[in-house]
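Fit chain to chain and form the complex, with the hints in mind.
Residue numbers (the working numbering), protein chains in the order written: chain E, 769 to 893; chain V, 140 to 1441.
Calculated from the structure, these hints are not laboratory results.
Quick caveat, the model's predicted, so the values are computed rather than measured.
Just so you know, even glycine gets a beta-carbon here, dropped at the ideal spot from N, CA and C.
Don't take each hint at face value.
To be verified - Derived pair list, reagent style SDA-like, types lysine to any residue, alpha-carbon separation capped at 20 Å:
1. V/K1254 / E/K891
2. V/K1336 / E/R811
3. V/K524 / V/Q503
4. V/K549 / V/T467
5. V/K394 / V/C377
6. V/K1368 / V/R1311
7. V/K1336 / E/M882
8. E/K814 / V/K1368
9. V/K1254 / E/V853
10. V/K1336 / E/V853
11. V/K1254 / E/G835
12. E/K814 / V/N1407
13. V/K1336 / E/A879
14. V/K1336 / E/L812
15. E/K814 / V/L1431
16. V/K1254 / E/M882
17. V/K460 / V/D414
18. E/K817 / V/N1407
19. V/K1254 / E/D880
20. V/K1329 / V/L1431
21. V/K1254 / E/A888
Unchecked claim - If you want the footprint, here are the derived chain E segments under chain V, 3+ residues with CB under 8 Å:
22. 786-793
23. 805-811
These are the residues of each chain, in order.
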Amino acid sequence: MASENTSRIRGLRILMVEDEMMLAMSLEDTLRRLGCEVVMAGRLHKALKLAETEEIDGALLDVNLAGERVYPVAAELDRRGIPYVLMTGYGNDMLDADYRSCPALMKPFQADEMKRVAEATFKPD
Amino acid sequence: MPTHSTHRRKQASRQAEDVNTSAPAAAPLIVGIGASAGGLEAFKTFFAHMPADSGMAFVLVQHLAPEHKSMLAELLQRGTDMPVAEAEDGAEVAPNHVFVIPPNATLTIEHGRLGIDNPAPARAHRRPIDTFFGSLAEDQGENAVGIVLSGTGSDGSLGVRAIKEHGGLTLAQAEFDSHAQEGMPYSAAATGLVDYVLQIAEMPAKLADYRRHLATVADRKGSDGARRDAADHLQTICRLLRERIGHDFSEYKTKTLTRRIQRRMQVLQIDSVPDYIERLKAEPRQLELLFHELLIGVTRFFRDSEAWDALQQTVLPQLFKDKGASDTLRVWVPGCATGEEAWSVAMLLREAMSRREEPNPKVQIFGTDIDDGAVAMARSGRYHKPMPGLSPERLERWFVEDGDGYVPGKALREICIFSPHSLVKDPPFSKLDLICCRNLLIYLQPALQDRVLAKFHYALKPGGWLFLGQAEGVSRNAKLFGTIDKKHRLYRRSDQPTPPLSGFISSPGRSAAAPAHPSAGPVPRAGDERLDRDAREALEAYSPAWVIIDRHQEILRFSGGETRRYLEPSPGAASFNLLGIARKTLRPALRAAVRQAFADGRPVVRERVTLKTDGGSRAVTLIVKPLDQRGSELAVVAFRDEGVHDHDGTAPVAADAGNAELEQELHVTKVQLNAAISELESTNEEMKSANEEYQSVNEELQSSNEELETSKEEMQSMNEELQTVNAELISKNNDLSRANSDVQNFLDSTRIATVFLDRDLCIRNFTPDMKELFHLRESDLGRPITELAGQLQSVDLKRDVEKVLRTLAVTERDVIVKGGAASYLMRVLPYRSISDVIEGVIITFVDISERKRAEEAQARLAAIVSSSQDAIVGHALDGTILSWNTAAEKIFGYPAAEAFGRPMTMLLPEGLQDELPRLIRRMRHGQNPTPQSDVARIKRGGEEIEVSLTVSPVLGADGKLIGASTIARDIGDRKRVEEERGRLAAIIEHADDAIVSKDLDGIIRTWNAGAERLFGYRAEEVIGKPITILMPEDRDDEESGILARIRRGEVVEQYDTVRRRKDGSLVDISLSVSPIRDAAGRVTSASKIAQDISVRRAGEAHREMLLHELSHRIKNTLATVQAIVAQTLASAPDPKTFQATFQARLVALSHAHELLMQGNWQGAALRELISRLLAPYRNDQRSQWTLEGKDIEINPKATLALGMVLHELATNAAKYGALSKPAGHVEVKWQVKRDGTLHLVWAERDGPRVEKPERRGFGSRLIVDGLNHELDADVQLEYKPTGLRCTIDVALEAVASERVDE
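Same shape as in the complex, but just chain V (with noise of 0.2 Å):
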């Protein structure tokens, strides 16, 4: 920050420069050349690629340790011929020489001498290089260039655009080797006002190339330094500009516009305007770069001080003076540039207001510029170090901290509005209170400013403030701006009626020569100007009196003293209308020529025009002459004098003469009033055609009146609404600014490291935690994340963070930071803005080492614990279960799931329910519970099952007894497996079928008593043998295949096979073998199970033979039945005889088959059978029949025919013997004889009487040859008249029952 002094001097520096006009041609470039870290090595090299003679001067400015002395002197001077000097205080800086920065010290530059100031400021505030860059610009204007090489910090950057705002040229160093440091050459370039990015090596050609063109283009410059030639071609670079770009700049300052088009020329090196033009042409990019460069405005806080303090004490009492809450104040700065004006009048106003004790107004400041470049910058608002004119106590006040530089805070942002706005081209702001508007004006021409001064007048609010800059004044316009402070340019609105504004919108096609005002037309060249009114004055004595006029009569010049005898001002409002104070006796031929001048555009002369004076007439000649062809607007008028008037040139002295001239004079006259008459007719057409367009104007006039009536309530309402909408914007802002505060706080309180990423993976904000992380600075803001996941073992993060950005949904992973020595669980997740847009990602990083060895500690026990074969259960010290293992589950039979939550108790039998609280109180006395003992348990289900029982306390962190855990061994289980296994042994010991195992190789390894019944070995005498000592030898490889299905693991299914016994016998049996497995499921030997089957197989014959002995019965009993049919037939008189008897008949045969069927067809008794065939003849009362003999068993075939035989005689004695009658009676006797045979006597009594029959009939045929056919039977039948007699003898053996041992 410069000294206090040193500003004066610049200030003065500059009025000296305004006189003085700039540096002759011949002057040296000097070069100014800053650098910090790394320099030594960058000057070196520039050095080396100087040559001695260049002709230019060059001033180091390196930053210096204030306490050493400095050597660089001395050790440039061995890179370079050119005396290499420390600099003095007044040195003159001449070329091919190098001067260098003294320690502790600030170099300034005036005149083309150098100054020291002692000491440096204090370190927070020096910036060297900036302070003489900008004494360098101010010093040297275009010969001044600034070059900024390697170096750290932002030092340089206003110093560039210092000399570049005074047409200087800027370099700064592009590569980097080692020793280089790139923030100084990087912070000027980024200004944007640098004007070439260079290897320091080809620095020096540039100079020289640089240099060159100024002297090949200094002859062609005007004493003013502005080249002439660039002047001419003004007007073609700024229509240019105006169609190209969309800004008007015909209307700035000539000087101003050639000297920035003159840099941007020296910069491009082209020589020639045209040649530029044509580049202009060509090349957008150039244009714009030009553009920038007009606009280049140098500001700063609180530029001129005292001005300032001015403004403070008169105008800000003023501005506040009868405002409330309810009121608004607003101030307009236009031209703003980079802002550092608007934030000064922020303060100011801050300030003011933090002093008043009534509530304040709201107020508003609204910064414009024309570029939006420079918008954005004020609106960022943010300044680095040092900001000069701005004082440590307001820096610490109204600014904050930000990075490496400052940030207006809250207070005064609440208040600048900053927006891109076209002094010339857009409508002004209205109703303010205060425009601020410095160092502006003076880029403009009068006329520009003469408009832009009506359209501040129009802004204002009446009595509204304006402040100007030093430079500037509204002496030109004193009408509409009263003067408050001369010195420091502080002007009110006088309430005047605002000058028409000449539209806020410059049209394209308008002229930039056509004058807005009178004044403004053509300015003869100064040089010329003289020679003019030399010879004006010499010739004045014997010209004619004359004044210019323009269309409207009004007079613009006099000429000398001569007019007076002509004019004749009038009483009443001064008046410069020609018509108006020319003498009355002129006026009517003046009228008539100067209309007639204007209307042909040719000069008119009336002469001898007679001018009535005082002293008498005389004769004058009218001369109106236009001063340019036809359509000019300016016209001379000259009166020439023709002496007294003599009328012909004699004197009035006779009637005649004094008639002639009366009637010369009436011809006069009459001439004169037809004219005026013409003229009043004209007049009066013209009157009436202009009164009827002042009366449409009029009513147009009405209606945009009442349209705008209207627009103006609309105006009014929609402002009321946006006041509303403003208000309610504030309030939310200040939530949001609470709500973004509280976030701040929440995130750096959490300890979770979080990094927001945008949609290309660049760092939006971090958390501090993030830092320990990833090693993330603040400068990592914007940069993508990619290239510092590094940190992070074989983790595609941007794969993370593009599946998460396509799917929106969360993904986390376990990442191990490099080095393996912490693990995190990262979480990305999508950022949704508040309306809900993905704009990029979350992720965040949670420490989970510690929980990670936890749960790999945790999953190493479960593991042991689920795959205990013990029954492990954890339970609190109430009893509730609260873990079950596999192992329990099987032991105790309670699903997991069910078991959770229920009490222990449940396991424990009747009457051991105290069992539990007993252990838990032992425990908690510190006792280890329980050795391990086998108790009883009770199962789900209510089976009781012994186990083996250890229980062990469990201890919480603090050591205290929280719960305990129950391992429980199932010993009844194995008991039950003994058991089993004895009891399938006795069943296999005494099963019917031979049982035995054998090993995969066939050997004989477990053989039973039923083996031994089937096969004749005894165990002991086949153990141990293989398995093929009981095949046949036709059979030897059958054992092979059932070895071979028993290793695959089949069953070989039951099949019949043959073996040999040991006796040699073959033996059919029935085979199944199975294999037998162990534990874990492989085969290891084979069971087979053999069976007799010669016992079935005998059974089965014995089956087939009843079958076909029951079909040969039936065929011969359905034979028989056919036999019956034919003989009854043979003898039935009738049908109805033959259904009977053979029913009968059919009858008596089942009855003998029903008593076969009963004796299971072995035979049937007697008794029972001669029961059965008599059975119809017994009465209720009595029975006709008596049987009297031993029963014996009879066989099938005697059955049936002994069956048929006693069913005819029954037959035989219901039709005609015994039983035909009540008193009728049968005795039938039988008994066996001594010589075996049965003899059987059927003897009938008390029937009728009876004879022996003519015919031997069917019956008596069956019973006498039927027996004895079938049974070799002895049978006699007589008949005795007491009654029917028949003796049966027959061999016992052919008819009693053999039964059948099967």
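Chain E on its own, in the form it takes in the complex (with noise of 0.2 Å):
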């Protein structure tokens, strides 16, 4: 279990894309548990709306959302400049070309290596 203590990404505000329910709800609770807020979308649309309009730190991001990619939304946090990290089922080579270079977490991932990444990304020394 992560260290909710020692959690350097306390008080941030995080969007977490996810399709699949039961993982959704147990990855929100890991990142409560670190001191997070969270925002959650299951689709694409839903989650590209939230990208655009929401004031988040970072993103949690499914590559593979019911069929959809997930690569509009990595799009405009990009352009937003806020980071991300992508998670995807498929290996790093399925990424699409332009995203490999991301920090990824290759399902199924546990909450510490999630922690790791996601301080690393969203709260960079």
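Okay, here's the thing in structure tokens:
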């Protein structure tokens, strides 16, 4: 279990895009325990709206959203300069060429791993 | 053959010679020259080299035609200055003259004068050269010369022998030009008795040398023609012969020896005997020649025929008298030379036996001679005509013609045995009935004659017969042999003990001079003896009487009549012992004197020994004087009369005187007594020691006797055995003769040319057919076959034979005899003797010309049959298959081996089985059975095939029908091929793939429907066009690579490539190209098969996508499970609860997955989903839940999400709600509203009372937020007191399954 006390991302507002209900709930719980405020979306169109409008510090994006790719959301976040981490059940090489250098979590992953990647991405030193 | 009268004359001349000694030393050489064919040239050459004043006389003996007058003398006269004349009867043969034989005459010579007998004998017996040479030899001795020149046959050979025997010179022609014939000279030289074999031109010089030599040695010859100086050296030469050759001739007659040695010297032209001895020492060959010279003996059949008649009439009846089958008649012919005498005896005995009626005894004739060569000739028994002495009847009866000569027949051979044997050296034969030894003793000295006769006496049985030559006799041994026929020299053994044979083996140290008998002492020369005799007679009256005695007092000589005064024969056996016949009063003194004289070797004189006679007593002086010095054997004893015994000169008148006389006498007596006593004592001593010696000798003799007895028994038993063995051998010999005759007849009858070769490839024997094949003649026996192999073309006979000898395997070879007309099978086999020794080879030649031709014809036909495409089957009349060619194997399926011997009917279909007999019947009637027809046949395995059939008769050599031949052509095959082709074309036409063929230049030849579809071109558009129209621009070179590989016969395996369609678009294809070959296997074109692979490519892409999807889903599912674990763990109070809850949630998840799997992951039925989730809550009696609504397919996402939500609802109900009580009930209803919303209601009733929970648990969070999050659904959860109610509204398009159209 990730240690909440030492979280460097405490207080950050995070967009969490994941279509898998159980997984989304589990990630939400984890982020909240780390002291983050969570904004959630399960579908591309909702996620895109949130990415355009919400004041957020970072985002966790599941690449495959019920058959749709999450790249438009990522593009919006890039435009806004908001850091994000991609989550995928496919291998890294299945990512679009433009996003292969982005920080990524390969499903399934552990909470600690998510914490480390999230901290490194959203709160770099 | 000489006539009877010439024969007589020859005998007479021989006697004359014996008396008269030989021709005077100055007599001219008489040269006899014999010739036949080619003789004229030879004569001319001879006289061209012969000076006219040679001092020799020439007699030419030419074979002339009897009825033609000869021109020979005239012809020869032109070539010489000597007078040449035809010989006339009685003409004296003068030096420097040439005499020529007249036609039709027999020429002889006697006392230097020619004799002519007309007419000549019949041609078969005519041998004028032999006849003349024979008479020349006897008449002229060493002055005779015989020359044999060109001619055929063997005339002259016997004559040469005669001349040689009489010491003459013999020559034969050596080299031959085109005129000359080699037969006669070869035959003469082959006797081994020709001194020189020379070219004709060299002969005159040789003759001149010879004559000169004769003249120079003439003065050294004694009155008998023998050289005195030679006689002086006889001992030396004899010693040489004894040492080097091993034969002792020292006891042969000096004259004979001398003459033979002299002849050798003349031949060698050596003048002095010491020179000749040196030559003998230096050249062993000369010793051998001398040895043979010494052994020359002339013999012939029935020599002195009257003597033989006497033998036949007098002796033979006696010989056979009382002889039965079990007896043996043994005859010995010592010194048999070349055997004529032995064969003569054999003939006589055989003739006698054939006359007898009683069973005949076994006859053995032993012919022996010291000369090995002569014995070999005797044994072979090959004689040439003429055979003088042998009557035509006997020749016919007892001899067999063999080649150009005659050999004794089996009857004679059976009884004659020849072996080398020395009469002097070797032990004699024994138990003989007859010894026939003629003209041998004359060569021996008397002492040796005596020994030989003693041997004969020993060898003969009591009463055995001795048959001697005309000049021989037994007079010196009359006691041993009684004379039966003095004239013909027939004697019979007397019953006397045989005198001691003085050793069978003559020791080398033995002195030839040592006399075997006293009488053989030194013999004074004849001239001296006469003087002595005269002197003795003159002095007789004045000299004392004397006798000569030997050591044993035997008297050898008496002087004149005066001796009788001192001798006085005693009564009883006659004796010459001096002491036995001397007057008694003389004996004591005489004995003493003789003893002393022999002991001391000095003369002893005893004076005034009293001799009492009838008339008173006289005084005698005894003188004993040894004739030689000490050790001598002889002594002379003389008696000198000293007048009346007067006792010191006074008459015995007074008593004193009487006393004195008595005293004197007493004194003398005492002296004599003393001498007698001492003599007696010494004699006693001698007797004693002699007695002891005799006793020991006696013992030795006794033991020797016992040994001899034993030996005798052994010998007898051995003899028995030998006789048995002999009997066996005789019977075996008979078998062999029969077998030999069988083999001979067999070989003659085989008509197979066969030749037997020895290891050196020389011909040993051959069959008559060989004569035709190789032109072999009898005279080729012994010649190497390689000289004759020229008849065979290109055959290395020598190599074949050597190979057979090496490997012992039979070699066969076809050979063509020169000219190519005939072929022979030559077979070379090793020749194994009975003892399995390879002694050569047998070569047989079998004429195979016919077979060869037949084989060739057959091979040609067989090749045609074998290579035919049609089945050709030969069969017998009963249908049995006899031949079956390759095509038949193919068409009918039976291998030849299986078809042979089976009936043709196996090929006939049911119901047509009688076809063959019908055909045969028709053929028997001479009808041509079938024109070609198409019929059905059964192949191996039962398949029916259609063939075109022709049947023809097969006729035997006699024109009779012996079978039939069937020719069948498979026409079903042709039809099948056509069908097959149609089928293949259809397959190609309807194949999905594009199938195209093109030629080796890349021009399209065929184009199927598949190709039309794939490439868009129609067939008629592209056939004849190059295949490159299908090529995209960048692949132009691909086609050339394909064509190159096809030309090499390679297959281009399937590979992916691109082609251009008619519309210009590219199409991905998989292509394979294979070569097409014609019947000969050459590549003529190519076929290519192309497949569109764009669809396959799409499928491959889809599969890849699915795999990625699967991976994604599994990972998502695992992430979901992870989330479930996390959520369940957060809410579970204890592990047990956690386990149960977690398991239930996993089961729900897996139910949802299961349904999705069943729906091929496309979706699931809503009703089924709910039923499964609620299935645990269904009792056996009743269901606590009900479902209501039109079933819809929902997508995987909705399935999973709804599955989880409904599971939470059911779990909650089971824990707290309606399902926790038996009476409780859950109702699930759903419907799709008009606005496209799915409205689903979960309603519980009859459960426990419901209160809204204070804390929102995971379940309600999942139910409300989860569906909302995942499906954008609107979820209402109402906690009514009657029961929980959950309403879900969700857009149908979010949940409904949209089937992917693959």
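Going through the hints against the structure:
For a cut-off of 20 Å, the pair hint linking V/K1254 to E/K891 is broken: about 28 Å separates their Cα positions. At most 20 Å may separate the alpha-carbon atoms for a hinted pair to count; V/K1336 and E/R811 meet this at roughly 12 Å. Of the pairs offered as hints, the one joining V/K524 and V/Q503 is violated, with about 27 Å between alpha carbons and a cut-off of 20 Å exceeded. With a C-alpha separation of about 19 Å, the suggested pair V/K549 and V/T467 falls inside the 20 Å cut-off, and the hint holds.
The hinted pair formed by V/K394 and V/C377 meets the criterion: a straight-line CA distance of about 14 Å does not exceed 20 Å. For the hint linking V/K1368 to V/R1311, the alpha-carbon distance of about 16 Å falls within 20 Å, and the restraint holds. Of the pairs offered as hints, the one joining V/K1336 and E/M882 is violated, with about 25 Å between alpha carbons and a cut-off of 20 Å exceeded. Between E/K814 and V/K1368 the CA atoms are separated by roughly 30 Å; this puts the pair beyond 20 Å, and the hint is violated.
For the proposed pair V/K1254 and E/V853, the alpha carbon gap of about 18 Å is at most 20 Å, so the pair holds. Restraint check: the Cα-Cα separation between V/K1336 and E/V853 comes to about 24 Å, which exceeds 20 Å; the hinted pair is violated. About 15 Å separates the Cα atoms of V/K1254 and E/G835, which keeps this hinted pair within 20 Å; it holds. Our distance criterion of 20 Å between C-alpha atoms is met by E/K814 and V/N1407, whose separation comes to about 12 Å.
Only pairs whose Cα atoms come within 20 Å are accepted, and V/K1336 paired with E/A879 is rejected, the gap being roughly 25 Å. For the given pair, V/K1336 sits about 15 Å from E/L812 by alpha-carbon distance, which is consistent with the 20 Å threshold. At roughly 19 Å between alpha-carbon atoms, E/K814 and V/L1431 fall within 20 Å of each other, so this suggested pair holds. Distance hint between V/K1254 and E/M882 is fulfilled; the C-alpha atoms sit about 16 Å from each other, no more than 20 Å.
Simply put, V/K460 and V/D414 have alpha-carbon atoms about 59 Å apart, too far for the 20 Å limit, and the pair is violated. Taking the CA atoms of E/K817 and V/N1407, the gap is about 17 Å. The hint holds against a cut of 20 Å. For the hint pairing V/K1254 with E/D880, the CA-to-CA distance comes to about 18 Å; that is within 20 Å, so the pair holds. Restraint check for V/K1329 and V/L1431: satisfied, since their Cα atoms lie roughly 13 Å apart, inside the 20 Å limit.
Straight-line distance between C-alpha atoms of V/K1254 and E/A888 comes to about 24 Å, which puts the hinted pair past the 20 Å bound. Counting residues of the stretch 786-793 of chain E whose beta carbon lies closer than 8 Å to any beta carbon of chain V gives 7, which reaches the threshold of three, so the coverage claim holds. For the stretch 805-811 of chain E, the proposed coverage by chain V is satisfied: 3 residues have a C-beta within less than 8 Å of a C-beta in that chain, meeting the threshold of three.
Hint violations for this structure: numbers 1, 3, 7, 8, 10, 13, 17 and 21, all remaining hints satisfied.
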